[in-house]
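Chains A and B, in that order, are what the protein sequence lines are. No gaps in the numbering here: position 22 of the first sequence is 22 in this note's numbering, and each next residue is one more. Basically this note's numbering = 1-based index in the second sequence + 202.
Please note that a few of the clues may not be correct.
Taking lysine-lysine and the BS3-like style, the derived pairs with C-alpha atoms no more than 25 angstroms apart in a straight line are [claimed, not checked]:
(1) B:LYS245 / A:LYS135
(2) B:LYS315 / A:LYS114
(3) A:LYS96 / A:LYS109
(4) B:LYS303 / B:LYS365
(5) B:LYS282 / A:LYS80
(6) A:LYS5 / B:LYS337
(7) B:LYS311 / A:LYS113
(8) B:LYS247 / A:LYS135
(9) A:LYS101 / A:LYS172
(10) B:LYS311 / A:LYS109
(11) B:LYS337 / A:LYS43
(12) B:LYS303 / A:LYS101
(13) A:LYS179 / A:LYS135
(14) B:LYS303 / A:LYS113
(15) A:LYS96 / A:LYS5
(16) B:LYS311 / A:LYS114
(17) A:LYS45 / B:LYS337
(18) A:LYS118 / B:LYS315
(19) B:LYS275 / A:LYS80
(20) B:LYS326 / A:LYS45
(21) A:LYS43 / B:LYS303
(22) B:LYS303 / A:LYS96
(23) A:LYS114 / B:LYS319
(24) B:LYS247 / A:LYS101
(25) B:LYS319 / B:LYS303
Quick list of simulated restraints, FRET-style, between CB atoms [as the list claims (entries may be wrong)]:
(26) A:GLU196 / B:VAL234: 48 to 58 angstroms
(27) B:ALA394 / A:LYS172: 46 to 56 angstroms
(28) A:LYS43 / B:LYS321: 23 to 33 angstroms
(29) A:GLY26 / B:GLU310: 42 to 52 angstroms
(30) B:VAL234 / A:LYS119: 35 to 45 angstroms
(31) B:GLN240 / A:LYS172: 32 to 42 angstroms
(32) B:GLN252 / A:SER140: 23 to 33 angstroms
(33) B:GLU310 / A:ILE34: 33 to 43 angstroms
(34) B:GLN240 / A:LYS195: 48 to 58 angstroms
Since the hints were derived computationally from the structure, they do not count as laboratory data. Keep in mind it's a predicted model, so treat the numbers as computed, not measured. Note that CB positions come from ideal geometry on N, CA and C, so glycine has one too.
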Amino acid sequence: MPAYKLTYFNARGRAEPIRLLFAAAGIKYEDVRIEGADWPALKPKTPMGHLPILEVDGTTLCESTTIARFVAKRAGMVGKDDLEEAKADMIVDGVKEVFRKLLTMFFEKDESKKEELKKDVFENTLPECLRSFGKLANPSGYFVGDSLSWADVEFYNLMEMVRPSFPGDLLKDNANLSKVIANVGGNPAIAKWIKERPESAF
Amino acid sequence: MPSYKLTYFKHWGRAGVLRLLFAAGGIEFEDVRIEREQWPELKPKTPMGQIPILEVDGTIICQTKAIGRLIAKEAGLAGKTPLEAAQVDMIVDGLSDLQVKIVDFFIEKDEKKKQEKIKEFAEKTLPMFLDTYEKLANSSGHFVGDALTWADVDFFSLMFFLKDHLPNDPLKGHVNLTKVRDNVTSNPGIAAWMEKETSH
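Here chain A stands alone, though its shape is the one from the complex (with noise of 0.2 angstroms):
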């Protein structure tokens, strides 16, 4: 039985970074995919209320950062010291600050102002922060240290969420942040997963 369970819906969403960061480092780990009506009823036994939850060593963690954190860290792949550790902390924030953005875009219901904060995300949010992270990126494609970090493969997640709306290589002048793509889609284990995971629309 493994020492981890995962649980959250029939989706990368929120979770895929987390199952992303197992299989890079080869842990094993039940995960639990739950349908939307069996919800509510597993609601109020989680710690906050919302998933993903991990169970390991007789405790629940709940938020996605800080159960892919602590993954991270089992596997040995968070940086190899608190100052790398920071450094990667404060690339996944960045991540996360983009990820809320898409997500607003995705679930506003007003059709024109969804096309506006399209737009937003399109023009100011995605450019700024490929340039941003253009520059905290190493030329060998790593933002921490020479070695696959958690903050690598959650910038390689970011951009296959962002895929679908905003097709076309929005990667194509940045040479560090490419080869970040192709470092962490590279790495066998993870090409493994996403060729053999679960099929979900999101």
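Position chain B relative to chain A; hints supplied.
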């Protein structure tokens, strides 16, 4: 000990908790507070066009929570084991979620809409949040284990920020959370810092 230089605006805002963490840990730092007019010149020199930033021996870290975690580790306030560290992180992440809702009413320019948003926050959002957090804090007034952590300090910092925007004490009736606040304010480093900050 590395050299620390924190840069932010003068007000409590996002950096208030960071200054508290330095104080709780008895860690010296350069507390740079800039005027609004200085920001446009500084902005392009920051990693993501935002402050606060923390310069540590020449490296610049941005993002409030990344900075907070680094200082908390230095101050011994980040949890004693990896699992405790994760429990601290999740409390802090939950506070971030609330902060997003606070920023939403804070930056609302339409005065009528702003008052509506504050009302919704004070009457629904915040009480629901505090009910959840009351269960996550223990009866000795800590979110994780039995000693002060960044989770407690971050919670206090957000409540301190909110108190000027709400008519009543939101922690009334929340026994555990009131103890968390008491534990934070009675930390010697924090008590001395708050005395300095709030006496003008």
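Results of checking the hints against the structure:
This hinted pair checks out: B:LYS245 and A:LYS135 have alpha carbons roughly 15 angstroms apart, not beyond 25 angstroms. A hinted pair counts as satisfied when its Cα atoms are at most 25 angstroms apart, and B:LYS315 with A:LYS114 qualifies at roughly 20 angstroms. Only pairs whose Cα atoms come within 25 angstroms are accepted, and A:LYS96 paired with A:LYS109 is accepted, the gap being roughly 22 angstroms. Annotation: proposed proximity of B:LYS303 to B:LYS365 holds, straight-line Cα distance about 15 angstroms (limit 25 angstroms).
With a C-alpha separation of about 19 angstroms, the suggested pairing of B:LYS282 with A:LYS80 holds against the 25 angstroms cut-off. Distance hint between A:LYS5 and B:LYS337 is fulfilled; the C-alpha atoms sit about 23 angstroms from each other, no more than 25 angstroms. Straight-line distance between C-alpha atoms of B:LYS311 and A:LYS113 comes to about 18 angstroms, which keeps the hinted pair within the 25 angstroms bound. For the hint pairing B:LYS247 with A:LYS135, the CA-to-CA distance comes to about 12 angstroms; that is within 25 angstroms, so the pair holds.
Among the hinted pairs, A:LYS101 with A:LYS172 is consistent with the structure: their alpha-carbon atoms are about 23 angstroms apart, no more than 25 angstroms. In summary, the hint linking B:LYS311 to A:LYS109 is supported, as the alpha carbons are separated by about 22 angstroms, within the 25 angstroms threshold. Only pairs whose Cα atoms come within 25 angstroms are accepted, and B:LYS337 paired with A:LYS43 is accepted, the gap being roughly 15 angstroms. For the given pair, B:LYS303 sits about 14 angstroms from A:LYS101 by alpha-carbon distance, which is consistent with the 25 angstroms threshold.
Proposed proximity of A:LYS179 and A:LYS135 is supported: the alpha carbons are some 13 angstroms apart, at most 25 angstroms. In summary, the hint linking B:LYS303 to A:LYS113 is supported, as the alpha carbons are separated by about 19 angstroms, within the 25 angstroms threshold. Taking the CA atoms of A:LYS96 and A:LYS5, the gap is about 23 angstroms. The hint holds against a cut of 25 angstroms. Of the pairs offered as hints, the one joining B:LYS311 and A:LYS114 holds, with about 20 angstroms between alpha carbons and a cut-off of 25 angstroms not exceeded.
Distance restraint check for A:LYS45 and B:LYS337: the Cα-Cα separation of roughly 12 angstroms lies within the 25 angstroms cut-off, and the hinted pair is therefore satisfied. For the hint linking A:LYS118 to B:LYS315, the alpha-carbon distance of about 24 angstroms falls within 25 angstroms, and the restraint holds. A distance of roughly 14 angstroms separates the Cα atoms of B:LYS275 and A:LYS80; the hinted pair therefore holds under the 25 angstroms criterion. Restraint check: the Cα-Cα separation between B:LYS326 and A:LYS45 comes to about 21 angstroms, which is no more than 25 angstroms; the hinted pair holds.
Using a Cα cut-off of 25 angstroms, the hinted pair A:LYS43 and B:LYS303 holds, with the two alpha carbons roughly 21 angstroms apart. Our distance criterion of 25 angstroms between C-alpha atoms is met by B:LYS303 and A:LYS96, whose separation comes to about 16 angstroms. Our distance criterion of 25 angstroms between C-alpha atoms is met by A:LYS114 and B:LYS319, whose separation comes to about 21 angstroms. Restraint check: the Cα-Cα separation between B:LYS247 and A:LYS101 comes to about 24 angstroms, which is no more than 25 angstroms; the hinted pair holds.
Distance check on the hinted pair: B:LYS319 and B:LYS303 sit about 9 angstroms apart at the alpha-carbon level, within 25 angstroms; holds. For A:GLU196 and B:VAL234, the hinted distance range of 48 to 58 angstroms is satisfied, since their beta carbons lie about 51 angstroms from each other. Restraint check, B:ALA394 to A:LYS172: a C-beta distance of roughly 54 angstroms satisfies the suggested window 46 to 56 angstroms. Between A:LYS43 and B:LYS321 the CB atoms are about 26 angstroms apart, so this pair conforms to the stated range of 23 to 33 angstroms.
For A:GLY26 and B:GLU310, the Cβ-Cβ distance of about 48 angstroms falls inside the hinted range of 42 to 52 angstroms, so the restraint holds. For B:VAL234 and A:LYS119, the hinted distance range of 35 to 45 angstroms is satisfied, since their beta carbons lie about 36 angstroms from each other. Separation of B:GLN240 from A:LYS172 is about 36 angstroms and conforms to the stated range, judged on CB atoms against 32 to 42 angstroms. The hint said 23 to 33 angstroms for the Cβ distance between B:GLN252 and A:SER140, and at roughly 26 angstroms that hint holds.
Checking the proposed 33 to 43 angstroms range against B:GLU310 and A:ILE34 shows it holds: the Cβ atoms sit about 36 angstroms from each other. At roughly 51 angstroms, the beta carbons of B:GLN240 and A:LYS195 sit within the given window of 48 to 58 angstroms.
Checked against the numbered hints given earlier, this structure breaks none of them.
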